[in-house]
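Chain by chain, the residues run as shown.
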Amino acid sequence: MAGNYDPSFAKEVFDNVDSGEEIKMCMQCGICAGSCPLRHEMDYPPRQIFTLIRAGRRDEVMNSKAIKLCTSCYRCKVRCPRGIPVIDVMHGLAHYGIKKGIIPRKGTAAFGGEFWKMIYNIGRIDEKTLPLKYNLLEGLVPGIKSTIEMAPMGIQMFLHHRMKLLPERKIKGIKELRKMLDKAKEMGKGGAN
Amino acid sequence: MADVQTTNQSILVVGGGISGITTALEAAEAGYDVVLLEKNPYLGGRVTQLHQYFPKLCPPSCGLEINFKRLKANPRIRFFTMAEVAGISGKEGDYDVKVKISPRYVNEKCTGCGKCAEACTAEVDNPFNYGMDKIKAAYLPHGFAFPMRYVLDPSIVGTDDGKKCKDACQYDAIDLDMKETSFDLKAGAIVWATGWNPYDAAKVEYYGFGENKNVITNVMMERMASMNGPTGGKIVRPSDGKEIKNIAFIQCAGSRDENHLAYCSGICCVASLKQTRYIREQYPDCEVTVFFIDIRALDRLEDFYTMVKEDQKVKFIKSKIATITEDGATGNLVLEGENTNTGEQIKATFDMVVLATGMAPNSIKSVCSADVSCDEYGFIANDPAKAGIYGAGCARRPTDVASSVQDATSSALRAIQSIARR
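Here the protein sequences come in this chain order: X and E.
Residue 193 is where the first sequence ends in the UniProt record's numbering, and the numbering goes up by one at each step.
Residue 422 is where the second sequence ends in the UniProt record's numbering, and the numbering goes up by one at each step.
Treat the hints as calculated values from the structure; they're not laboratory data.
For clarity, every value in this text was computed on a predicted model and none was experimentally measured.
Accuracy of the hints is not assured; some may be wrong.
[As the list claims (entries may be wrong)] Covered stretches of chain X (chain E as the covering partner; in silico rule of three or more C-beta atoms under 8 angstroms from a C-beta of chain E):
id, segment
1, 16 to 29
2, 45 to 54
3, 81 to 90
4, 165 to 173
[Claimed, not checked] In the BS3-like style, the derived pairs of lysine-lysine whose C-alpha atoms are separated by at most 27 angstroms in a straight line are:
id, chain 1, residue 1, chain 2, residue 2
5, X, K77, E, K56
6, X, K65, E, K318
7, X, K179, X, K145
8, E, K186, X, K77
9, E, K318, X, K24
10, X, K77, E, K347
11, X, K65, E, K203
Ideal Cβ placement from N, Cα and C applies to all residues, glycine included.
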């Protein structure tokens, strides 16, 4: 694919993506790929994403599932022998994609949006309403169907005191939290979209 | 010990491994007085624990024997075992050194007859075999030990076992009242040849060394392959003593890694290639897989790599393994990682895994108040502006035996120059 090599995308990533420059340190050992609990779900594990960036394969990277799947477990970042904050790069790429209007996994992005809104409103997650809102984004009928499918898990969570029947209340100091979230958004680091 | 006469014309060599012995011999044979200190009860260092050298696959004992002979023949060298440096002060041409000698509880009358070991019932972990077996608490460190003299483990002093050992000795060689002693030395130049320690594999937690019984390190493999090792030279699984059918080597286990040793030790690749020979010699049907980031077999050593690659039973996979999981029932090990050539996820099962750990230096910094330059990892930098204390062998950089010997010879010359310059 030598003909398709295009350094401009790497430059674009270094200049615009949060922690994007860290990619320069990658030595392609693959421990991130081997450590990721979601490696079997990813189209390209982090190591391959980094190589694709260097090879200028913009479309593959920006449309990949991988950059949206990271759950921030930190295994890759802790183990990376070159000290690359792999998860920051993956999230950085996802954010950059959203900014550019590329949302390869609408569901994940929508979930992130709802999650952020809820944190902003009450300062915590309500385990009942978040999945419900997320499910309803699919439409009324499929939403109700998905919610019913999740009911057994909800019952277990309720039995283990992980979910309340009543709606969650706002946390103390919600105003201060909102200030922090606003500031994060201002810095381009916050807001799931 | 008070009879050690030293002046600022003497050279002090710290570390009695292959580098230190070489430096001491080269300087003494050039006509200089040398004091050689060794922390262990025997000379020879890590080399005595190796099974074979690469690339010729010859036994290290042969070269050591020649050196011991030279050492015995040379009146200019005084050497001390169980000796450590407690402090260094002064400057080039005029160093004051404090030396601490740990008690051996056995004096020079020992003939190596072994009656004390027969009488002793207590056992301790065998440090020579990295704790893979036990030895009597009155022991000869290894069969080829020089000086050929027994040692008593401090744990039996003051017990019945200690008394039994003393009673068993016909030569009055056991002295249970021995205490730690210390003495001072003068030296015009110091060569720091304290060598290396294998990097602690347990720190690479995702490989489970110490928990997964069949995960061993490269230095342990050397002992296992060795005739005087814990298994008499037979390479078997530590968990159940079974023969092996399928073994993996993991290169860069804690090397080239900012979380561990940030540098490449330069020898572990060829050491693992060498160990594939040990295995293939004992097991004509055993499958061997080497997982690597890059195989660093430089210069003429590449021929060795080429030779190993011709073996159909040895596979090379470019991958930094991410996880080892032990199957509780069989003791087998499941390795997971990414094949970075093909992009495929690896999940493969092995009987046994060898971690190729790197070399960490025994640094001078903690005992030296004199001016000396070390790099960020603790290796001596041999900065020309700070002459007088020189590193030799693996105290200066991670390297193999042949290069250590060359380096030691050059350090002897540097030390001589430090004295001659005055």
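Against the structure, the hints:
{"no.": "1", "hint": "16 to 29", "result": "holds (count 3)"}
{"no.": "2", "hint": "45 to 54", "result": "holds (count 3)"}
{"no.": "3", "hint": "81 to 90", "result": "holds (count 3)"}
{"no.": "4", "hint": "165 to 173", "result": "violated (count 0)"}
{"no.": "5", "hint": "X/K77 with E/K56", "result": "violated (41 angstroms)"}
{"no.": "6", "hint": "X/K65 with E/K318", "result": "holds (25 angstroms)"}
{"no.": "7", "hint": "X/K179 with X/K145", "result": "violated (37 angstroms)"}
{"no.": "8", "hint": "E/K186 with X/K77", "result": "violated (51 angstroms)"}
{"no.": "9", "hint": "E/K318 with X/K24", "result": "holds (20 angstroms)"}
{"no.": "10", "hint": "X/K77 with E/K347", "result": "holds (22 angstroms)"}
{"no.": "11", "hint": "X/K65 with E/K203", "result": "violated (33 angstroms)"}
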